[in-house]
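A.B. asks: Chain residues, written in single-letter form:
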Amino acid sequence: MNKKPKMAIFKFTGCAGCQLEFLHLEDEFLDLLDLFDIRYWKMIKRDNDEKEWDISLVEGGISTPREIEEIKQIRKKTKFLVAFGDCAIGGCIPSIRNWTPQMEVEDYVYPDTSSIHSMKVTGIGEYVKVDEILKGCPPHRDTLIELFKSALLKIRPRLRKHSVCVECKFNDNECLLTSKKMACMGPVISAGCGAICPTLGRVCEGCFGPMSNPNAAALAEIFKDMGLNDKDIKRKFRKYAGMSPEFRMEAGH
Amino acid sequence: MDAYTIEKKDMKILLKRFQEDYKVFGPIKPGLESKFDEIKSIEQLHLDYISTVLPPKKFFHPPKEAMFSYKIEKGRFTSKEIKQNEKILIIGIHPCDVYALLKLDKLFSGDFKDPYYQNRRKNCVIVALNCVKPSEYSFCSSMNTGPFLDKGYDILLTDIGTKYLIELGTKTGEKLIEGLNLKKATKDNYHEKKRRLETSKKKIKKSMDALKISRIAQKNLHHEVWFDLGECGGVAGSLPCLSCGSCTFVCPTCYCYDVYDTVDFSLKSGTRNRELDSCQLLEYGEVAHGGNFRKDRKDRIRHWMLCKFGVAAGGSNSSCVGCGRCIRVCPSKIDITAVAKAIGGG
Ligand code: SF4
Ligand code: SF4
Ligand code: SF4
Numbered sequence: 040m041n042k043k044p045k046m047a048i049f050k051f052t053g054c055a056g057c058q059l060e061f062l063h064l065e066d067e068f069l070d071l072l073d074l075f076d077i078r079y080w081k082m083i084k085r086d087n088d089e090k091e092w093d094i095s096l097v098e099g100g101i102s103t104p105r106e107i108e109e110i111k112q113i114r115k116k117t118k119f120l121v122a123f124g125d126c127a128i129g130g131c132i133p134s135i136r137n138w139t140p141q142m143e144v145e146d147y148v149y150p151d152t153s154s155i156h157s158m159k160v161t162g163i164g165e166y167v168k169v170d171e172i173l174k175g176c177p178p179h180r181d182t183l184i185e186l187f188k189s190a191l192l193k194i195r196p197r198l199r200k201h202s203v204c205v206e207c208k209f210n211d212n213e214c215l216l217t218s219k220k221m222a223c224m225g226p227v228i229s230a231g232c233g234a235i236c237p238t239l240g241r242v243c244e245g246c247f248g249p250m251s252n253p254n255a256a257a258l259a260e261i262f263k264d265m266g267l268n269d270k271d272i273k274r275k276f277r278k279y280a281g282m283s284p285e286f287r288m289e290a291g292h
Numbered sequence: 625m626d627a628y629t630i631e632k633k634d635m636k637i638l639l640k641r642f643q644e645d646y647k648v649f650g651p652i653k654p655g656l657e658s659k660f661d662e663i664k665s666i667e668q669l670h671l672d673y674i675s676t677v678l679p680p681k682k683f684f685h686p687p688k689e690a691m692f693s694y695k696i697e698k699g700r701f702t703s704k705e706i707k708q709n710e711k712i713l714i715i716g717i718h719p720c721d722v723y724a725l726l727k728l729d730k731l732f733s734g735d736f737k738d739p740y741y742q743n744r745r746k747n748c749v750i751v752a753l754n755c756v757k758p759s760e761y762s763f764c765s766s767m768n769t770g771p772f773l774d775k776g777y778d779i780l781l782t783d784i785g786t787k788y789l790i791e792l793g794t795k796t797g798e799k800l801i802e803g804l805n806l807k808k809a810t811k812d813n814y815h816e817k818k819r820r821l822e823t824s825k826k827k828i829k830k831s832m833d834a835l836k837i838s839r840i841a842q843k844n845l846h847h848e849v850w851f852d853l854g855e856c857g858g859v860a861g862s863l864p865c866l867s868c869g870s871c872t873f874v875c876p877t878c879y880c881y882d883v884y885d886t887v888d889f890s891l892k893s894g895t896r897n898r899e900l901d902s903c904q905l906l907e908y909g910e911v912a913h914g915g916n917f918r919k920d921r922k923d924r925i926r927h928w929m930l931c932k933f934g935v936a937a938g939g940s941n942s943s944c945v946g947c948g949r950c951i952r953v954c955p956s957k958i959d960i961t962a963v964a965k966a967i968g969g970g
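Chains X and L supply the protein sequences, listed in that same order. Read in order, the letters of the first sequence correspond to residues 40 to 292 in my numbering. Read in order, the letters of the second sequence correspond to residues 625 to 970 in my numbering.
Chain X on its own, in the form it takes in the complex (with noise of 0.2 angstroms):
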């Protein structure tokens, strides 16, 4: 029997919704101890060690300058870099900050910002190199198990980057942009969700971020007809993927 993979798993700027997603494997997750080796994990574990990891999951944008001390040493330790989330894949959320002076935001926040020592948030691929992202806010539990398996079998994992459209009509669903005038952004988020939202009736919020290869600028035009104002528009791609390529334009860079 080979030794089991040493795994580690780390948070950086997030809510810490993707480690939980992991924790909620449950049943699976007892399996898991069998397969993989946890080194690392401060969220569940007492005794950490930080000598090398055969796998690292990365939750978590970087915001401040220890922060990108902190992910290089991380990949210099690590064989295989996971961007676990949004978050660590392009900023998420936090980076909706970067669209406002930093010191407004902080004055939003703190009383006193003479310890802040913040920055714009980006994912983690700015600074290091990332060997597989898992999409989502946070990723579904299916594309962490299909990651550990194919870890283990050493092959590519399945992880499908087309629209949510796609799952959507796999459930035999009634699309809600074509048929309810409703601003689903489901055509250029990446699918990985099971389309949860439009299948009970609400709008993608494009919490998976862009799919391969999306056609932002003519979703845009779609809400726009719709009649919604550009404020709007830019909103929704900002929530979730405003620092990525794909969504820059219409995010308002």
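Hints in this document: simulated from the structure, not taken from any laboratory. This list has only true hints and no planted wrong ones.
DSS-like mimics (lysine-lysine), calculated; alpha carbons at most 27 angstroms apart, straight line: (1) K892(L) <-> K118(X); (2) K695(L) <-> K193(X); (3) K653(L) <-> K220(X); (4) K919(L) <-> K168(X); (5) K688(L) <-> K200(X); (6) K263(X) <-> K922(L); (7) K957(L) <-> K200(X).
One side of the interface only, derived from the structure: several residues of chain L facing chain X at Cβ under 7 angstroms: (8) E657; (9) L866; (10) F873; (11) Y884; (12) L905; (13) L906; (14) S956.
For each residue, glycine too, the CB sits at the ideal point set by N, CA and C.
Once you've looked at the hints, dock chain L with the ligands against the given chain X.
C.D. replies: Relative to chain X, chain L with the ligands alone:
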């Protein structure tokens, strides 16, 4: 074969008979956004529907299915077919969708037999319904696939006012209505059917030249519409394509699928699955080491339309049956008949 009529209010008798031997499916909502689902009582059946989101293809070539399970034990590999043997009856399939099934039959029963499809098809009875209310998106009359049907059914219904005309296409269909004491159809009933066919035809607004389009598309591989559709401008008032893939998933004749394994945590057993795929999606043309045959959106939408026009994998016959679903569902309002016209195949 003989033909009969049944009063609309007596349809529950027919349904009850169907349910004796089959799980019955039919349209469960009126209008354009109907859906084929199980019919347990007559109130659920909406034969006045116009179209459905997914075509009945979903019963034979479902969006996702497990094909077989496998395991490795003591170095030996074994697999077990996952068979679908449920007997079903689908009531209310419109002519375009029946023609689409006939096209799929050809594909899945040709040189490469597809046992999963064939098995499901064999276990299904088709109770078709002539289309008296074609949608504003239909163009079946151009494609010779409607609005009325002449083959591919076990039983065929036509709405002739307060009654349905019942025509039989196979022995299975004949047997199904045996002993129900239905009224024999009269000349007048047939006359009414004919009249309804004429009015139905007149309601169809869209068209395409089914005979010419394949040749014309072949000659226009580098026409500017492909750029307009893929990148900017659009065609005939549409926006450019989003590559969302919706058009292909709702299309009753799109058959492409992806095959993949789901392995258990033991890494020693699992299932092999297939899932519908779409040539509109970037990953479709991807090969090892990140190569991709159709990286550009314009190449993907061109490929899809060419297939529908009868130039790509589908062969020289157009694989479109004119159901209009792709037009209705496209967020960018891309209309395949308008594209055909733009390249000269209207
Ligand atoms: S409801 Fe949204 S996700 Fe579903 S098909 Fe329509 S646009 Fe796509
Ligand atoms: S191409 Fe469009 S109109 Fe033709 S069969 Fe497919 S969905 Fe229907
Ligand atoms: S439905 Fe329209 S936008 Fe979506 S892939 Fe098809 S043609 Fe393109």
